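Numbering (the working numbering), first residue to last: 202 to 380.
For the record, the hints were derived by calculation from the structure and aren't laboratory data. All values derive from a computational prediction rather than experimental measurement. Hints are not guaranteed to be accurate.
[Said to hold, decoys possible] Derived CB-CB ranges, DEER-like:
1. 263 to 298: 26 to 36 Å
2. 240 to 322: 26 to 36 Å
3. 340 to 258: 26 to 36 Å
4. 248 to 367: 12 to 22 Å
5. 368 to 237: 22 to 32 Å
6. 248 to 316: 36 to 46 Å
7. 249 to 323: 24 to 34 Å
8. 345 to 227: 36 to 46 Å
9. 316 to 221: 11 to 21 Å
10. 234 to 365: 38 to 48 Å
We put the beta carbon where it would ideally sit given N, CA and C, even for glycine.
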Amino acid sequence: IYRRAQRGIGYLAQEASVFRKMSVEDNIMSVLEMSKIPKDEHTDRVESLLNEFGLQKIRKSLGIQLSGGERRRTEIARALAIDPKFILLDEPFAGVDPIAVEDIQQIVVKLKNKNIGVLITDHNVHETLSITDRAYLLFEGNILKSGTASDLANDETVRNVYLGKNFELRSLSNFSGEE
Numbered sequence: 202i203y204r205r206a207q208r209g210i211g212y213l214a215q216e217a218s219v220f221r222k223m224s225v226e227d228n229i230m231s232v233l234e235m236s237k238i239p240k241d242e243h244t245d246r247v248e249s250l251l252n253e254f255g256l257q258k259i260r261k262s263l264g265i266q267l268s269g270g271e272r273r274r275t276e277i278a279r280a281l282a283i284d285p286k287f288i289l290l291d292e293p294f295a296g297v298d299p300i301a302v303e304d305i306q307q308i309v310v311k312l313k314n315k316n317i318g319v320l321i322t323d324h325n326v327h328e329t330l331s332i333t334d335r336a337y338l339l340f341e342g343n344i345l346k347s348g349t350a351s352d353l354a355n356d357e358t359v360r361n362v363y364l365g366k367n368f369e370l371r372s373l374s375n376f377s378g379e380e
């Protein structure tokens with residue numbers, strides 16, 4: 202965590218990475234304490250992230266008590282605490298309910314609107330392609346196709362090998378990232 206933070210890279214692991222015996226606010230604070238961000242800014246930054254990710258009501262809850270969506274939002278807030286230029290999201294939609302999936306999609310759109318680079322690795326094609334500007338489809342360890350979501354969805358080889366013939370690209374035009 203420390204080296205990534207120093208390089209301006211946020212990271213959301215596929216596996217639960219929330220500190221289970223720490224509160225939500227302490228999970229976020231722990232990353233700030235390892236950063237070069239001045240200590241006098243830590244409390245304000247934690248408050249801002251708790252508000253931005255709708256975590257105020259569960260701020261004192263331990264990591265072990267969180268739902269999948271609450272855990273994911275806490276982990277993303279923690280990854281963003283250091284003001285990364287870039288964030289890696291490994292399977293962000295794994296193990297969360299449909300409402301949490303929408304929350305995470307909206308978060309990704311907001312990150313893009315803040316000019317934070319986002320790299321997502323995920324098997325949930327509908328959820329991922331609907332929010333990406335560009336995608337790379339890997340097959341047997343190689344890039345099968347790259348391009349826009351539409352490029353991939355309309356490619357016959359991609360459909361035959363990975364997406365299936367009945368795949369339909371979902372549009373999330375209601376995600377502007379604005380509230």
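Here is how each hint holds up against the structure:
1. 263 to 298: 26 to 36 Å: 20 Å, violated
2. 240 to 322: 26 to 36 Å: 34 Å, holds
3. 340 to 258: 26 to 36 Å: 43 Å, violated
4. 248 to 367: 12 to 22 Å: 47 Å, violated
5. 368 to 237: 22 to 32 Å: Between residue 368 and residue 237, where Cβ atoms are some 45 Å apart, the hint is violated.
6. 248 to 316: 36 to 46 Å: 23 Å, violated
7. 249 to 323: 24 to 34 Å: About 27 Å separates the Cβ atoms of residue 249 and residue 323, which means 24 to 34 Å holds.
8. 345 to 227: 36 to 46 Å: 43 Å, holds
9. 316 to 221: 11 to 21 Å: Check failed, 33 Å falls outside 11 to 21 Å.
10. 234 to 365: 38 to 48 Å: 47 Å, holds
Going through the hint list in order, the structure does not satisfy hints 1, 3, 4, 5, 6, 9.
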